[in-house]
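Asker: Now for the letters of each chain:
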Amino acid sequence: MPHAPLIRLENVTLSRGGRVVLDDISLDITERRVGLIGTNGSGKSSLVRLLNGLLSAEKGRVTVHGLDAKEQAGDLPRKVGFIFQNPDHQIIFPTVAEEIAFSLEQAGLPRREAAREAVPALARFQRVHWAERPVHALSEGEKQFLCIIAVLVMTPSVLILDEPFSSLDLPTRRRLETLVAGLEQQVILVAHELDAFARYERVIWLHEGQVRGDGPPAAIIPAYRAFAEGLT
Amino acid sequence: MISLYLAQRTWLHGVPAGWKLLALALLSLIAAPLDSLPVMAGLLAAVLLLYASLGKAALAQIALLRPLWPLFAILLAFHWWNGDVAAGLVVLARILAMVLLANAVTMTTRMDAMMDAVEPLLAPLAWFGGSPRAVALAVAMMIRFVPLLFALWEALNESWRARTGKRGGWRLLAPFCIQTLRLSHHTAEALAARGGAPRGTRR
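In order, the protein sequences belong to chains A and B. Sequential numbering of the first sequence, starting at 1, is according to our numbering. Sequential numbering of the second sequence, starting at 1001, is according to our numbering.
Treat each hint with caution, since some may be false.
[What the hints assert, rightly or not] Part of the chain B face toward chain A, derived, beta carbon under 8 Å:
#  : residue
1  : Ala1007
2  : Arg1110
3  : Met1111
4  : Asp1112
5  : Ala1140
6  : Arg1144
7  : Pro1147
8  : Leu1183
9  : His1186
10 : Thr1187
11 : Ala1190
12 : Ala1193
13 : Gly1195
14 : Pro1198
The set of hints was computed from the structure by calculation and includes no laboratory data. Note that CB positions come from ideal geometry on N, CA and C, so glycine has one too.
Same shape as in the complex, but just chain A (with noise of 0.2 Å):
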């Protein structure tokens, strides 16, 4: 790899509709599996959104694995893998085949390549047998692991995922949790299931747009939990 998996924001200050949301923030993220927690409104959507060329900062600066987030914002989405809470926004096309060869397309691919390719790369995830399907006969837990593998496809080096599972039953959430654990790529995961990030390597808790907490996840969660419970 010719960059370290290093995730730098410098001085970070991001406003939306005319709120603070993420307020001087500077973080460096090297490690391989890191969560993001807060309460709703906190700044977590907002700050993975900039890693991905989602958002721009308004101040500081912004670099993913070499690239900066503001100059180099049209190569980020072949870096940075982003997958959002609701399959359902983010899946564009209606068979699961298409949708995968739309995913190698954007990685390069010539059109009619990526349409053969589409079946090869389902079958590294064992769903071969899902080319064909309409993707709204898939189930959530399906969809989302669609969205997935067509962000996986496309090879990136960092995967993020916005509360991917809200919507997941507690076996369905397990076997993704499982799938993403074995990943090779860096993972940056934002969620309310806290339990999730029990293996990770560092949760970093934000709160208004400032960085309350950041540690491993055996400190940081239990002082979180006791804000959280404070709160009530």
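Use these hints to put chain B onto chain A, whose structure you have.
Answerer: Frame of chain A; chain B shown alone:
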């Protein structure tokens, strides 16, 4: 849920998209000037046989025509008022046959195959700075989102009924539009996250 594509493979899936579209265009051209009731009834019967040959799932798709019944009723009433019920039946049979035929193509053709067949016709767009790929993407997304929009409408109707005990009907239109815009916003963001809409005509 209503979908426009049949997951179960049928013999019609195997026919190249270009041939299906050509056959559809030719049949439309031939059927347009014909006004013999037996011929039109025969055509409609042939189309229904085609559906039967595609299996149960295809036959179930005929239910998609339900929203058209009021239109058919108005057409028939108009012809009856003009004193020519037979002509009304011809028009009705022709519309039914053509809509069902077009649907048979949609439900047995993958979007990329369809677009490969249609894209050469869209090529002149490039002369005016337009992108045939963008049109292809838009059509694919439309097919993909039709079942989703039906589901969205159903969800709104359910929430309405849960609180009022009545069907929402036209009152759901405004919230439906707002939700649709929200949906399009999310989808645009997801498309951008994967590098945005493809440009050009790279093959």
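Asker: Broken hints, numbered, in rising order?
Answerer: none
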